[in-house]
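Enquirer: Given the coordinates of chain A, work out where chain B should sit on it, guided by the hints.
Line by line, the protein sequences give chains A and B. Per my numbering, residue 1 is the first one in the first sequence, and the count goes up by one each step. Per my numbering, residue 1001 is the first one in the second sequence, and the count goes up by one each step.
Take every hint as true, because none was put in to throw you off.
Anything over 12 Å on all C-beta distances counts as not near chain B; from chain A, calculated: (1) Pro45; (2) Asp46; (3) Ser64; (4) Leu74.
What follows is a list of derived Cβ distance ranges for each label pair: (5) A:Phe19 <-> B:Asp1138: 20 to 28 Å; (6) A:Arg141 <-> B:Ala1015: 25 to 33 Å; (7) B:Leu1022 <-> A:Leu22: 44 to 52 Å; (8) B:Thr1055 <-> A:Thr62: 51 to 59 Å; (9) B:Pro1191 <-> A:Phe54: 56 to 64 Å; (10) B:Ile1132 <-> A:Pro16: 25 to 33 Å; (11) A:Leu277 <-> B:Trp1054: 50 to 58 Å.
Keep in mind the hints are simulated off the structure, nothing from the lab. Don't be surprised by glycine CBs; every beta carbon is placed ideally from N, CA and C.
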Amino acid sequence: MATQHSRSAARLMMAPAVFLLLVWMLVPLTMTLYFSFRNYFPLRPDRVPGWAGFDNYVRFVTSSTFWPAVQTTLIIVGGVLLITVILGILLAMLLDQPMWGQGAVRILVIAPFFVMPTVSALVWKNMFMDPVNGLLAHLWRFFGADPIVWLSDASLFSIILIVSWQWLPFATLILLTAIQSLDSEQLEAAEMDGASPLSRFSYIILPHLSRAITIVILIQTIFLLAIFAEIFVTTGGAFGTRTLTYLIFQRVLESQNVGLGSAGGVYAIVLANIVALFLMRIVGKNLDA
Amino acid sequence: MARAVTTNRKLANTAVAWIIGLLIFFPILWTILTSFKTEAQAIANPPIFLRFDWTLENYAIVQERSDYMRFLWNSVILAGASTVLGIIVAVPAAWSMAFVPSKRTKDILLWMLSTKMLPAVGVLYPIYLLFIQLGLLDSRVGLVVVLMLINLPIIVWMLYTYFREIPGEILEAARMDGATLRDEILYVLTPMAIPGIASTLLLNFILAWNEAFWTLNLTSVDAAPLTAFIASYSSPEGLFFAKLSAASTMAIAPILILGWFSQKQLVRGLTFGAVK
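The shape of chain A in the complex, shown without the other chains (with noise of 0.2 Å):
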């Protein structure tokens, strides 16, 4: 049915997009991949820019920032998958449970995906964190214990803490969309046929989910290899949360070494392709169906 006419037509009404995504995509990165290659201090005149080789590349990965930096940024990915897919999951079975206002629940459940980062880390930073006046120090004292300085005794857990509660609803959402694809009757049958509830869920649902939960890990590594408004406005990067995205953005914005900062980015950029090309098999896959 598509004619020569119509084919010409569709790639003319396609070129926009792509022209701009390639334009936002090569000119960036092109300049990127060359600054990693450079000495360059914008703000520093005495420093000669030059050719510096691989020497940012090695520097980079050599300082004794980095590899506690690799380390904070798998503990909190690690943190908050390892937190968000668990819960999502035994909330997600939850929700799918028969019983009064659902859809109120749901509603309460995803709230906090849709406050904005910089709201989110302040409100847990001083309403429920500050070790004086926050409502855990509160309840700490309640109890009888003195209360934690999360932010800094605390650093990393009051992180993950944090970026969890925002992205808990968000796991919950896709395995509570997936389970509800669930036919109904390969249960009841498991049920009958005397299979516990332990088994039914390990046999049947948690197979059923592995893909939603495939995709709820790869995306949310995508996005969490990425926060930045939650470090930037609580510890700063200080108290061990800083994280690979944090020391870049230390390097190239606040102390203006850029050849460096760029060599840190085309590592993070690496990095985030690998996570992406398995992503995108998954999806691609799905698009042929």
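Expert: Quick look at chain B alone, frame taken from chain A:
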């Protein structure tokens, strides 16, 4: 066939689900409540839940001290303009991919998705530099373009999955009945596409509203939206919980309301059609 469930079981489900739901919602509820307290009541121990002197003074102070309306207006402009622009660019693209697919359609879609995966921090300096050179730093125009570009892949994808659900046969039927191309677009396709376009608009408005990497790094005063306005509360001065709460409530209220309408689209939009 629905499973027969005892009333007791349903009662238990309801109780547990509501408790957990309220627990998750509590930080938001607490913020909204605190915004109506005085600063002294906001930090009272034991905390006061409802029996405080309700006041609107925090809202007045926030507006007066930092010109809240200007930030709100910036947020509306940035999120609104970037989303509408994105839709204008994406509709023809998604349309042609859905109705005149070629061998390369899938590759183009996946490539667009891959641009969304590019970590922002990796291109922070180039964009920053370009913004300085073009005089776009702290300007609404520059941010509208950036926000449009980062959401464009999602917009194309969402529209594509909606358009693909419009059956092609209906076009043929219309043509057989003597409809011209203009009639087809105006009376057959547009009414069927509008719900999809509206959902896409809604979700991407929310995403742009909450975007907090570029809005924090590329604005200072003139173009700063609510994300940046709230971030200015990160250095505390004296008692400020009630004021922070008022500012936060104003920043999230409009989006919470919009968000509740968009729950269904959220899944489709953020999983690129992989979970429906």
